[in-house]
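Q: Protein sequence lines, in the order shown, are assigned to chains A and B.
Per the numbering used here, the first sequence runs over residues -9 to 269.
Per the numbering used here, the second sequence runs over residues 56 to 326.
Derived contacts from chain B toward chain A, CB cut-off under 8 Å, selection only:
no., residue
1, Y68
2, D223
3, A225
4, H249
Hints listed in this document are in silico derivations from the structure and should not be mistaken for laboratory results.
For each residue, glycine too, the CB sits at the ideal point set by N, CA and C.
Chain by chain, the residues run as shown.
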Amino acid sequence: MSKIRVEHLKYRYPSSEKLALDDLSFEVDEGEMIGIIGRNGAGKSTLCQAFVGLVPHFYRGAYGGKVVVSGLEVLKSSVSQLARRVGIVFQNPFTQVTGSKWTVYEEVAFGLENLGVPRKEMIDRIDYALQLLGMEKYRDRHPFDLSGGQMQRMAIASVIALQPEILVLDEPTSQLDPQGSEEVFRAVHRLREEGMTVILAEHNMEKIARYCNRVMLLDGGKIIDFASPASVFSRADLTRYGVVPPVYTRVCRELNAKREGSPHFPVTLEEACEVLKGR
Amino acid sequence: MSRVVVKDVCFSYRSGEEVLKGITLDFDEKSTAIIGQNGAGKTTFVKLLKGLLKPTRGEIYILGRSANEMTAAALAPFIGLVFQNPNDQIFRSTVLEEVMFGPLNIGEDPKGARKKAEEALEMVGLTEKASENPHDLRLSEKKLVCVASIVAMEPEILILDEPTIAQDHAGMAAIRQVIRRFKEQGKLVMGILHDMDFAAENFERVVVFHQGTVVADDDPREVFSRESLLQRAGLEVPHITRLGWSLGRKETFLTEAELIQSLRGEGSTDR
Ligand SMILES: Nc1ncnc2c1ncn2[C@@H]1O[C@H](COP(=O)(O)OP(=O)(O)OP(=O)(O)O)[C@@H](O)[C@H]1O
Ligand SMILES: Nc1ncnc2c1ncn2[C@@H]1O[C@H](COP(=O)(O)OP(=O)(O)OP(=O)(O)O)[C@@H](O)[C@H]1O
Ligand SMILES: [Mg+2]
Ligand SMILES: [Mg+2]
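Given the sequences, and given the hints that come with them, work out the whole structure.
A: Right, here's the structure in full:
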């Protein structure tokens, strides 16, 4: 059964004349990890917010069609009801911080308190999330006395602690150091193996290719393509949509190196090595 | 000639927790990428250069002037810093006013300031947003407004704290263009980056920060050859470097063009 169902979703911000999301229909199964790509302004963040109900409940504006996330219809559910099923890490970690908590620990606890998680379980989940993001040693630090990357780590920890059924990540690791970013992606991959459904908006195409099973290409609020990474990244017209494929694909395309019998170019390091070996 | 001299600089936000532990560096006009783990002290370091923080020990000279004795305002005409978080930088009600503020503030007349602001906005591709409220823009656009604001001041030294955050391919190209322009004018550009590919392709020198110290300082090819050091510092080699090595090449490739040339068997230096 599909975990997310979107039917003819249209959305326009109140201050805008044009549709930010223009007639989107698709389904996502449990345990999938979907990468959303597209140029700046394509509609990635708007779509992310449509899964958690901020579109339309917070932003208002004109809304048509239907979004159903793990059985709840977004339009008919409140943001707090939805928060029990769907968690989001915002594009800018500074917007995620509540601004009302004195320590990193309280900040991570905030969402759990709202969900009414029992005390003992709360402590376990916070400890787990802080440790996963390498933030234990900053647990007593004021949230605004962190470096940018540490703040982003705290934002991710806050959402992972909620253990949502659906995890929405909007450029979650843009300020993380390279190893920290890779660790987050590995952790998300493990959560996915345990059944979590993941939606990821991201400009890092190498990460998308490595971790997502399907990729949605957006442009002007419309779905241009929704298929496997290999298929989307092999499109010859990708740059027309403001997107450049992973470096592995670019090199293989330049050398016209494909896997035997495959219509697509490699998208990961391993695949590229396989076809380029011996050169 | 030295543009920036840093002598044994230490800094702590709170006593007993030293964030920078004796940094000594000398910058000429060579464009420099600063890379390192979250919390390594990169942002703190450039805030010290900009005069926003004062060292607890050591000295900093900007174009021969002692930064310890100057206010951030007095340093503003010489050194521009694009903040990591654009919300810390933006405070005017239109994009054009925001970008004009810097030049006006350092004594430019309104006509000149407007011209410089418009040129800077054009360079980052935001001409059409000039009359919008910068607070309503998306993160990627806010970041470019911040870049334009500093570019419009034409400082001798330009520092970009994670400029590529949230940028798509076109945004990356705009930032590349800004860096190139400053280089052509013989000005010093420093960039703090978590994108190793971008660092490898666009800078002539790479400085690695680790827990408040400098653990490597060399040209990019040299630094990105040192895998175990990068590993220890929370970093990775660029994707193209990794691909080259995985294909058995000994060299450290920094660009696609270099690797493709080698794979085509043209001018390979492999033995
Ligand atoms: N709060 C808002 N009010 C009005 N218009 C908005 C708002 N947020 C986004 N938009 C507009 O909606 C469209 C889609 O924006 P969105 O932020 O979803 O793009 P994105 O793909 O996430 O871009 P980026 O890569 O820059 O994050 C754009 O035209 C944008 O200007
Ligand atoms: N206002 C502050 N008060 C106390 N400690 C701070 C403050 N700002 C930063 N720190 C601490 O100083 C250290 C260095 O922070 P800095 O922002 O310089 O790191 P950075 O290298 O820029 O990291 P990032 O890659 O995450 O941006 C970090 O451990 C951080 O927690
Ligand atoms: Mg976005
Ligand atoms: Mg920083």
